[in-house]
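Please work from the sequences and hints to get the whole structure.
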Amino acid sequence: MIAGWSDEVVLVSVIVAWAVIGCGLAQTAVYVLQLVVAAVAITGRPPVARSTLLWHRYGDVAPPVALIVPAYNEALNIVDSVHSMLALEYPNFEVIVVNDGSKDATLGCLIEAFELVACRRPFEEALVHAPIRGLYASPVSDRLFVVDKVNGGKADAQNAGVNFSRAPVFCVIDGDSILERDALMRAAQPFIEDPERTIAVGGTIRIANGSRIANGRIEEVRLPSRLLAIFQVVEYLRAFLMARLAWSRINTLMLVSGAFGMFRRKEVVEVGGFTRGSMGEDLDLVIKLHRHMLDRRQPYRIEFIPEPVCWTEAPESLRVLARQRSRWQRGALECFFRYRRMAFNPRYGRVGFLGFGQMLIVDVVGPVMEVLGYLLMPAFWLLGILSAEYLLAFTGLVFSYGVFVSVASLALEEAELQRFGRARDLVILTAAAILENFGYRQLNNFWRLRGFWQYLRADQSWGEMTRTGFSAARRR
Amino acid sequence: MLAAIWTSSVLLCVLALGTMVLLVARRLVQRRIAARHAAARRRLLSGMIRFSEDQDAAALGTLVAATPDEVVADAGFEFLSLLRGEEHARIIAVFAAAGVPGRIRSRLDRRREAQRLLGVEILSDFPEAESIACLLAILRADRSAEVRIAAAIALARLDALPPLAEVLSEIGTGGRLSRRMIDLLRRLSFERTGELTDYAVSASGSPFLRAAAIEALSRTGEPRWLGLFSRLAHDAAPEVATAAVGALGKLGHPGALPTLVAAMSGPNWEARAEAAEAAGRLEMPAAIAPLSDLLEDEIWAVRYAAGKALRRLGPEGEAALGALAAGPLPRSQRTASLVLGEGLAA
Numbered sequence: 001m002i003a004g005w006s007d008e009v010v011l012v013s014v015i016v017a018w019a020v021i022g023c024g025l026a027q028t029a030v031y032v033l034q035l036v037v038a039a040v041a042i043t044g045r046p047p048v049a050r051s052t053l054l055w056h057r058y059g060d061v062a063p064p065v066a067l068i069v070p071a072y073n074e075a076l077n078i079v080d081s082v083h084s085m086l087a088l089e090y091p092n093f094e095v096i097v098v099n100d101g102s103k104d105a106t107l108g109c110l111i112e113a114f115e116l117v118a119c120r121r122p123f124e125e126a127l128v129h130a131p132i133r134g135l136y137a138s139p140v141s142d143r144l145f146v147v148d149k150v151n152g153g154k155a156d157a158q159n160a161g162v163n164f165s166r167a168p169v170f171c172v173i174d175g176d177s178i179l180e181r182d183a184l185m186r187a188a189q190p191f192i193e194d195p196e197r198t199i200a201v202g203g204t205i206r207i208a209n210g211s212r213i214a215n216g217r218i219e220e221v222r223l224p225s226r227l228l229a230i231f232q233v234v235e236y237l238r239a240f241l242m243a244r245l246a247w248s249r250i251n252t253l254m255l256v257s258g259a260f261g262m263f264r265r266k267e268v269v270e271v272g273g274f275t276r277g278s279m280g281e282d283l284d285l286v287i288k289l290h291r292h293m294l295d296r297r298q299p300y301r302i303e304f305i306p307e308p309v310c311w312t313e314a315p316e317s318l319r320v321l322a323r324q325r326s327r328w329q330r331g332a333l334e335c336f337f338r339y340r341r342m343a344f345n346p347r348y349g350r351v352g353f354l355g356f357g358q359m360l361i362v363d364v365v366g367p368v369m370e371v372l373g374y375l376l377m378p379a380f381w382l383l384g385i386l387s388a389e390y391l392l393a394f395t396g397l398v399f400s401y402g403v404f405v406s407v408a409s410l411a412l413e414e415a416e417l418q419r420f421g422r423a424r425d426l427v428i429l430t431a432a433a434i435l436e437n438f439g440y441r442q443l444n445n446f447w448r449l450r451g452f453w454q455y456l457r458a459d460q461s462w463g464e465m466t467r468t469g470f471s472a473a474r475r476r
Numbered sequence: 477m478l479a480a481i482w483t484s485s486v487l488l489c490v491l492a493l494g495t496m497v498l499l500v501a502r503r504l505v506q507r508r509i510a511a512r513h514a515a516a517r518r519r520l521l522s523g524m525i526r527f528s529e530d531q532d533a534a535a536l537g538t539l540v541a542a543t544p545d546e547v548v549a550d551a552g553f554e555f556l557s558l559l560r561g562e563e564h565a566r567i568i569a570v571f572a573a574a575g576v577p578g579r580i581r582s583r584l585d586r587r588r589e590a591q592r593l594l595g596v597e598i599l600s601d602f603p604e605a606e607s608i609a610c611l612l613a614i615l616r617a618d619r620s621a622e623v624r625i626a627a628a629i630a631l632a633r634l635d636a637l638p639p640l641a642e643v644l645s646e647i648g649t650g651g652r653l654s655r656r657m658i659d660l661l662r663r664l665s666f667e668r669t670g671e672l673t674d675y676a677v678s679a680s681g682s683p684f685l686r687a688a689a690i691e692a693l694s695r696t697g698e699p700r701w702l703g704l705f706s707r708l709a710h711d712a713a714p715e716v717a718t719a720a721v722g723a724l725g726k727l728g729h730p731g732a733l734p735t736l737v738a739a740m741s742g743p744n745w746e747a748r749a750e751a752a753e754a755a756g757r758l759e760m761p762a763a764i765a766p767l768s769d770l771l772e773d774e775i776w777a778v779r780y781a782a783g784k785a786l787r788r789l790g791p792e793g794e795a796a797l798g799a800l801a802a803g804p805l806p807r808s809q810r811t812a813s814l815v816l817g818e819g820l821a822a
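Those protein sequences? They're chains D and S, same order as listed.
Per this note's numbering, the very first residue in the first sequence carries number 1; after that it's consecutive.
Per this note's numbering, the very first residue in the second sequence carries number 477; after that it's consecutive.
Derived by calculation from the structure, the hints in this document are not laboratory data.
Note that the structure is a prediction, hence the values are computed from the model and not measured.
The beta-carbon is built from N, C-alpha and C at its ideal position, and this holds for glycine as well.
Do not take every clue at face value.
[Claimed, not checked] Just some of the chain S residues that point at chain D, by a computed CB distance under 10 Å: (1) I481; (2) C489; (3) L558.
[To be verified] Partial chain D-side listing against chain S, Cβ under 8 Å, derived: (4) T52; (5) L53; (6) P122; (7) I192; (8) F394; (9) G396; (10) S400; (11) Y401; (12) F404; (13) V407; (14) V427; (15) T430.
Following this line, the structure appears as C-alpha cells:
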C-alpha cells in the first residue's frame, strides 16, 4: 500500500496507469512501424523525374481524367484554383466544378471569370445526390464545366461530379486548393504502370500559407508567418510523408485525402460513391473500396505517391482549426464504427488487422488515453501513488519521443521532396517540431476529445471554414 | 529503470537533433552543387543555341565534354527533345563525338531506377552497336519492369527490338500489364505487323496485350485487317472483343457493319457501347435501326453511345432520335431527348 491508500484505490490506479502506458506503447509501436516502412519505401522508390520527361514518357498512354471540384462558399479562392487546374499539364482532362448551393458569390465569380453559359450534357444517374439547378460550360475553355446544385454536403457534391464525369478515372480536389502543374501526370503514373490493379491514388497535401502565389500557381514556397500554421506544416509532413507512405507500401492505406485523390470511376460507382452526410467521406470511400475488392477477392492497389503536390490554405485561427480537427475526429470515429465488422476480421487481412488496428489505437482510444495520461499522472503524483522521479522520467520520454517522430518526418521530407528552398526553413521547422509537443499537441487532443463528445451526441454539424484566400496569401 | 528511461529520452533527442543538423549541413552543400550545376546548365544551353547558329561542332563538343554527366543528361536532352530533323541529328553527332553515349552507359548500373530510365531513353538517340548491346542487356537483366519496358521501347526506336515473344518474356508478367506496353506495340504497328497479328489471335496471350496489339494494328488504317478484326470481335475475352469492335470503327470500312450490328446485341456492354460508337463513325443509314434499338439498353453508357452515334448519322439519324424522343418508350425517350438537347443552350 502506498501512503495509506486502500488496496482497491491503488489497484485501480495501477490498472488505469498501465492502460494509459499500454496505449502509449501501442501508439509508439504504430509510429515506429510507420517510420521504418516509410523510410524503406522512400529509399526504394525512384526520385522525382522532370515534368517534360513524364510527358514524353506517359503522354500518349495516360488515361483521360475528370477533375471534380466540390465548392461551397469558395468565392475567395475558386477562380485562382480553377485557373490553376485548367493550366495543368495533362493530355486529356476536364474540370467539373460542383457549386454545392454556395451562399456566397462562388457561382457568380465563376460565371464572370470564365464567361460561363448554360448548357446541357446527358449524364448517368449512377449515384444519388441533391437536385441539379443548372449546368454551365465555358466558351473560353472546352475543358471546363460547372454544375450548380442544391446544397447537399461535400460527399453529395462529389457524387454529382462523378455522375457528370465520363473519364474512366476521376480526381477529387478541394475548391480552395492549388495543384502543381504536373500533379495529375504524377498521380496517374500508377494507373499507367499497373492499370488493372490500381483503383485509387493519393498525393501529398501541403500548406500554402505564406507562399507566393500568382496566376493560380505557387511561385515560391515559403513557410507561413504564423506559428499555428507552421505547426500544421509539420503535422501534414508527418501525416503524408510518414503515415500514408508507410501504409501504402503495405497496401493498407486507409485514407486518400478528399483534398486531392484520384480514383477509378467504375469501382467508386460500384460501392455507391461517397457516403452522403459523412464527416469523413474520403476515409469512408477508401474503406468501402477495400471491403469491395476484398469481398470479391480481386487483386488491387490503393497507392500514395508523395510527389504530386496539392497546396491548400490552412486555418490560422484556433477557432477554425478546432472545428476542423473535431470534424476529422468525428469522421474517423464514424468510419471506424460504421465498418467495425471489418476490424480484426481475418476475411479483410491486413486491412482488418493493421488498418483498423491503427485506427483503433491512434483515432479511437489514442486521444482519450493521452488526455487521461495528462490528467491522471500528475494526480497520482499529488496523491502519492506515483513517485516524482517516474512521473518526470515518463513525461520526458513522451515528449522526447514526440520530438523524434516529428523530426523524423521532416527528415523524410528532406530526403524525398526538398520543397522548402532555404536551409533556414529546415531550422524553423525543426524548432516547430520540438515546440509543437508543448501545448499544440495537447490542444489538438482536447479538440479531438471534443470531436469524440460530438460524435457520441450525434452532432452532424460541419462548421464553417473561414478562408482568407490565396489572393491575401500572395500579398503577405 | 529510471536511468534507462532518461537515457532513452536523451538518445532520442540527440538522434533527432543530430539528424537535422546533418540534413541542414547536407542542404548547404547541395545548394553549392546545385548552383554549380545551374551555371553549367546555362552554359550548355547557351552553347547549344549558339551551335544552331554557327554550327561550330568543336566548340560545342568541348563544352559538352566539360559539362557534368547529370547536366548533360538533364538539360542537354531536354533541349534535344524540342528539336527534330537535321538540327537534332547534328547535335546528336556532336554528343556522340564527345563521348556522351559512353558516359550515359556507365551510369546505367546505378541503384536509382529514375536514373536508369532516363539513361535508357537517352541511348535511343544513339544508334551505335554498343548502345544497342547495352539496351539488350538491360532488357534481359534489369530488376525493374518499367526500365525493361523503356529499354524495349528504345530498341524499337532503333529498329533493334528482338522478336516480340522474346521481349514479352523478358519484360515478365507484371510489366506486361503496364500501359507503356501500348506505346511499345504501337511502335511495331507498321513494320512488324505479323508479330502483332500472331499475338492478337493467340488465345493464351494476355487479354490486355492482345487488345493493345489490335489497337496498334488499327492505327495503320489498312482495310486488310477487316477480316481479322471481324473474327476477333467474337473473341471469348471481353477486352479483346471490345478492342476489335473499336478497331473496326477506326478502319471505317462499310464491310464492318454486320459485325458491329451483331456486337450491339452481345452480352458484353463495353463491346455494345464500342459497336454503337463505331457504327456512328461509318455514317451508314443501315445502322439507324439497330442503334435505335440500343436506346433501350439497360446500361446508360450504351444508350448514350447509341444516341450520340445516331446524332452523328446526320439528318436521318436526328430524325430517328426525334421520333424516339416523342415515342412511347420511356428509356429511349429520355436518352433521345438528352442527346438532342446536348450542347450550349440557345
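Here's how the hints hold up against the structure:
1. This hint holds: I481/S has a C-beta 4 Å from the nearest C-beta of chain D, less than the 10 Å allowed.
2. Checking C489/S against chain D by beta carbon gives a least distance of about 5 Å; that is within 10 Å, so the hint holds.
3. The interface hint given for L558/S is met, as the beta carbon of that residue sits about 9 Å from the closest beta carbon of chain D, less than 10 Å.
4. Here the hint on T52/D is kept, as its CB sits about 6 Å from the closest CB of chain S, short of 8 Å.
5. Using the Cβ-Cβ criterion of 8 Å, the hint placing L53/D at the interface with chain S is satisfied: the shortest such distance is roughly 7 Å.
6. Of the supplied interface hints, the one on P122/D holds, with its beta-carbon coming within about 4 Å of a beta-carbon of chain S, less than 8 Å.
7. Hint on I192/D holds. Least Cβ distance to chain S is approximately 4 Å, under the 8 Å limit.
8. Hint status for F394/D: holds, given a least beta-carbon distance of 7 Å to chain S, under 8 Å.
9. At its closest, the beta carbon of G396/D sits 4 Å from a beta carbon of chain S; the interface hint therefore holds under the 8 Å criterion.
10. Interface restraint check: S400/D against chain S, minimum CB-CB distance 4 Å, threshold 8 Å, status holds.
11. Nearest Cβ of chain S to the Cβ of Y401/D: about 6 Å, under the 8 Å cut. The hint holds.
12. At its closest, the beta carbon of F404/D sits 4 Å from a beta carbon of chain S; the interface hint therefore holds under the 8 Å criterion.
13. Hint status for V407/D: holds, given a least beta-carbon distance of 4 Å to chain S, under 8 Å.
14. With 8 Å as the threshold, the beta carbon of V427/D comes within range of chain S, its nearest partner Cβ sitting at about 6 Å, so the hint holds.
15. Interface hint status for T430/D: upheld, as the beta-carbon distance to the closest one in chain S is roughly 5 Å, under 8 Å.
In terms of the numbered hints stated before, the structure departs from none.
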